[in-house]
Amino acid sequence: MDVRSQISMVFHLDKCIGCHTCSVACKNVWTDRRGAEYMWWNNVETKPGTGYPTKWEDQEKYKGGFEKKNGGVDLRAVGRIRGAATVFHNPSLPIIDDYYEPFTYTYEDLINAPEGADQPVAKPISMITGEPMKIEAGPNWDDDLGGSPIYAANDPNLDALSSEERTALFEVQRLVFFYLPRICNHCANPACVASCPSGALYKRGEDGIVLLNQERCRGWRFCVTACPYKKTYFNWGTGKSEKCILCYPRLESGQAPACFHSCVGRIRYLGNLLYDADQIVDAINRPDHELVEAQRDMILDPFDPAVIAAARANGLAPDVIEAAQRSPVYKFVKLWSLALPLHAEHRTLPMLFYVPPLLPMMASVGDGIYDTSIDQFLGTIDSYRLPLKYMASLFGAGNEAPVRHALRKQLATRMYRRQVTTDDLEEANVRLALSETDTTAEQAEAIYRLTSLAPFDERFVIPPMHREEAIEMLGDTADAKGLTGLGFREGPQRGA
Amino acid sequence: MLDVILFGAFPYVAVVLFVGVSIQRYRREPFTYSSLSTQFLESRNLFWGSVPFHVGVLVLFFGHLLGFMFPRQVMLWNAMPARLFILEVSALICGILTIVGLVGLILRRARSARLRVNTSVNDILVYIALLCSIITGLWVALSLRWGSAWYTHTIVPYLQSLIVMQPDIQRVAELPLAARLHIISAFALFSLFSFTRLVHIIVAPVPYLWRPTQLVIWNRDRKTTSGA
Ligand code: HEM
Ligand code: SF4
Ligand code: SF4
Chain A
1 MDVRSQISMV FHLDKCIGCH TCSVACKNVW TDRRGAEYMW WNNVETKPGT
51 GYPTKWEDQE KYKGGFEKKN GGVDLRAVGR IRGAATVFHN PSLPIIDDYY
101 EPFTYTYEDL INAPEGADQP VAKPISMITG EPMKIEAGPN WDDDLGGSPI
151 YAANDPNLDA LSSEERTALF EVQRLVFFYL PRICNHCANP ACVASCPSGA
201 LYKRGEDGIV LLNQERCRGW RFCVTACPYK KTYFNWGTGK SEKCILCYPR
251 LESGQAPACF HSCVGRIRYL GNLLYDADQI VDAINRPDHE LVEAQRDMIL
301 DPFDPAVIAA ARANGLAPDV IEAAQRSPVY KFVKLWSLAL PLHAEHRTLP
351 MLFYVPPLLP MMASVGDGIY DTSIDQFLGT IDSYRLPLKY MASLFGAGNE
401 APVRHALRKQ LATRMYRRQV TTDDLEEANV RLALSETDTT AEQAEAIYRL
451 TSLAPFDERF VIPPMHREEA IEMLGDTADA KGLTGLGFRE GPQRGA
Chain B
497 MLDVILFGAF PYVAVVLFVG VSIQRYRREP FTYSSLSTQF LESRNLFWGS
547 VPFHVGVLVL FFGHLLGFMF PRQVMLWNAM PARLFILEVS ALICGILTIV
597 GLVGLILRRA RSARLRVNTS VNDILVYIAL LCSIITGLWV ALSLRWGSAW
647 YTHTIVPYLQ SLIVMQPDIQ RVAELPLAAR LHIISAFALF SLFSFTRLVH
697 IIVAPVPYLW RPTQLVIWNR DRKTTSGA
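Chains as they are written, first to last, in this note's numbering: chain A, 1 to 496; chain B, 497 to 724.
Hints are supplied without guarantee of correctness; some may be wrong.
[Claimed, not checked] When the alpha-carbon atoms are kept at most 20 angstroms apart in a straight line, the in silico SDA-like pairs for lysine to any residue are as follows:
1) A:Lys-69 to B:Pro-708
2) A:Lys-63 to B:Ser-539
3) A:Lys-69 to B:Ser-539
4) A:Lys-68 to B:Pro-708
5) A:Lys-63 to A:Phe-88
6) A:Lys-63 to B:Ala-609
7) A:Lys-61 to B:Ser-539
8) A:Lys-55 to B:Ser-539
9) A:Lys-134 to B:Val-613
10) A:Lys-68 to B:Gln-710
Everything labelled a hint here was simulated from the structure, so no lab data went into it.
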């Protein structure tokens, strides 16, 4: 058992209101620079939809992630041999038009225009060339267009549906959508790291954050292709790739990442998980339908004395283990099996988990009006508006079972709470729903609390990052006296 | 006198700049080492420029290097006219690939507004130096037939004399203009090398072929602190 700690996340999709506050917080802190204008380390997209960059889930086009081949698991493209063959021109690299051309407006014109009969206008100009341009795409161009024939209809996940199901989905009365906020998943088996020919990408051992060393990146861009989530970005100005850093400077000082801190819907949870790195190889070699399960099996019980002993033997500090015991992520992912990885079929073991949304699936339409009777509220998950197959394509690697379980457990919790507050359901039904999903009343209370009421400190349990160890690693701390703080690259010395 | 400067002093300046500045830049400004890819801004035309250019230039580069390191083996190979012919024709084909690719790259950059704003003076200098090298190289290939035969008793001894610090300028000063220009542009390219994106060549990701797949970096040595 090789116990490691991983800072891990849960997004509760029922709570996301699609306000993009998270994206803007991130943009202001990290990517408001030349060459990075188009990057949204955090983005929010509407599902069904094509997302950002457009159709990022279409791996026929972008060739991201790992796949099973020759009895093992290898990168879909840009592995050792294929990478060497395509280094001078990479056919599966997304280009700026797959994202959008960044733009601004000539705001000065509003102030500087000479006096005249007409109101002055600010014209859109490209942030690359500075030339006037026609804006035809943006980072959230498919916002709320759940039924759109351009965006929603081209969602690659709809491939899982039959054509009748697809048509039904686009009937006006049945239109349905939800939001999917995305950041880098800080995967346990990161494809970006595996693909980087310069060894610039790495996973931090202590907390699992995946970083890209700007000083070692040489701009070969394999990572951009390899990440199946398209969460590494190429800075066209500096000629280096960049990615989400999970706000590690904030985490190291005990603060939640900017997108988490600012989230209006309070959909985000952060905490560490203990997992067994020895199981990675086995987990990524499983067939698709076992992947979600296999990843969950890797996560260890932080209360188990054997796990604690192994963690201590591996050098994990007691306060890190203690943080894992309080982690909200552990509860959502492991204890309750409510949160699921996104597109686990790419075998990167993403460490950001989603509680699949219940709301857009509820309420069916009869005779042109919504059926909102209580019976329908209790209706089976399988007859909901957004077919389960679609959800399974996103959150179950094609397997409906874990998604159905997560949805039914949420439903059971809702029924339980409705019973407590309004007492208008059959008690037997409520008890059945709870027992069918192995939910006790206490657990339902706990789920309810963490979902709806949990304050800041319960949603974000940030383990101590022990940066003193990083400093000690660089040498005797006394040696470093007088070296930092003045902005010198090398020690300030008397010149010749 | 000009010959002394061009063939006696310039090569040393070029090598010192090439080695010294590359190392210094790698140590002090590792951030600036990059291939400075522009595929993100323009992808389709890049294929028709970058691929032929790189394939051609890499074969030519290693051809020149091997020829310098193993002149006797090249002589032996060339002993049969058919083999000499094969060698020269392959080299010429690579030369043509290189120039076609390079011209493609230059046109591509000139035509695209997105690329134009993202082009530095250095990029232009690199294009000029490469153009000079390749044009003079092709000129040598076409006008001074069988370079792979005569270089062994002209260029090779000259380069060797440079290495032992006793430049034998006479060896090259008497060569035809095309050959002399080719030598000078090569040293010009070396002088420019470390100031431009050409440094991407020395950080070409060869170790990727054997490094472990995943990279996990720890603050501490886990074995020494385990149980602590
Ligand atoms: C193993 C060796 C090499 C590798 C892996 C390599 C890789 C690359 C890559 C990835 C690019 C960026 C292409 C893009 O815009 O996406 C590039 C550009 C370039 N390379 Fe290389 N290269 C190598 C050797 C060379 C050599 C030997 C030369 C010339 C002596 C060279 C000259 C150039 C030039 C001039 C460009 C700029 C092209 C342009 O933007 O117009 N490269 N190289
Ligand atoms: S989501 Fe992409 S960029 Fe992030 S760790 Fe996974 S493979 Fe790497
Ligand atoms: S800030 Fe929160 S609620 Fe708003 S879009 Fe982002 S994740 Fe959703």
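Taking the hints in turn, this is what the structure says about them:
As the CA atoms of Lys-69 of chain A and Pro-708 of chain B are separated by approximately 18 angstroms, the hinted pair is consistent with the 20 angstroms bound. Between the alpha carbons of Lys-63 of chain A and Ser-539 of chain B the distance comes to roughly 16 angstroms, so the proposed pair stays at or under 20 angstroms and holds. For the suggested pair Lys-69 of chain A and Ser-539 of chain B, the alpha carbons sit about 29 angstroms apart, so the restraint of at most 20 angstroms is broken. The hinted pair formed by Lys-68 of chain A and Pro-708 of chain B meets the criterion: a straight-line CA distance of about 18 angstroms does not exceed 20 angstroms.
With a C-alpha separation of about 17 angstroms, the suggested pair Lys-63 of chain A and Phe-88 of chain A falls inside the 20 angstroms cut-off, and the hint holds. Taken as a hint, the Lys-63 of chain A and Ala-609 of chain B pair is broken in the structure, with Cα atoms around 29 angstroms apart against an allowance of 20 angstroms. Using a Cα cut-off of 20 angstroms, the hinted pair Lys-61 of chain A and Ser-539 of chain B holds, with the two alpha carbons roughly 14 angstroms apart. Between Lys-55 of chain A and Ser-539 of chain B, the direct Cα distance comes to roughly 18 angstroms. Compliance with the 20 angstroms bound is thereby established for this hinted pair.
The suggested pairing of Lys-134 of chain A with Val-613 of chain B holds, with an alpha-carbon distance near 19 angstroms, which does not exceed 20 angstroms. Restraint check for Lys-68 of chain A and Gln-710 of chain B: the C-alpha separation of about 17 angstroms stays at or below 20 angstroms, so the hint holds.
When the structure is compared with the earlier hints, violations turn up for hints 3 and 6 and for no others.
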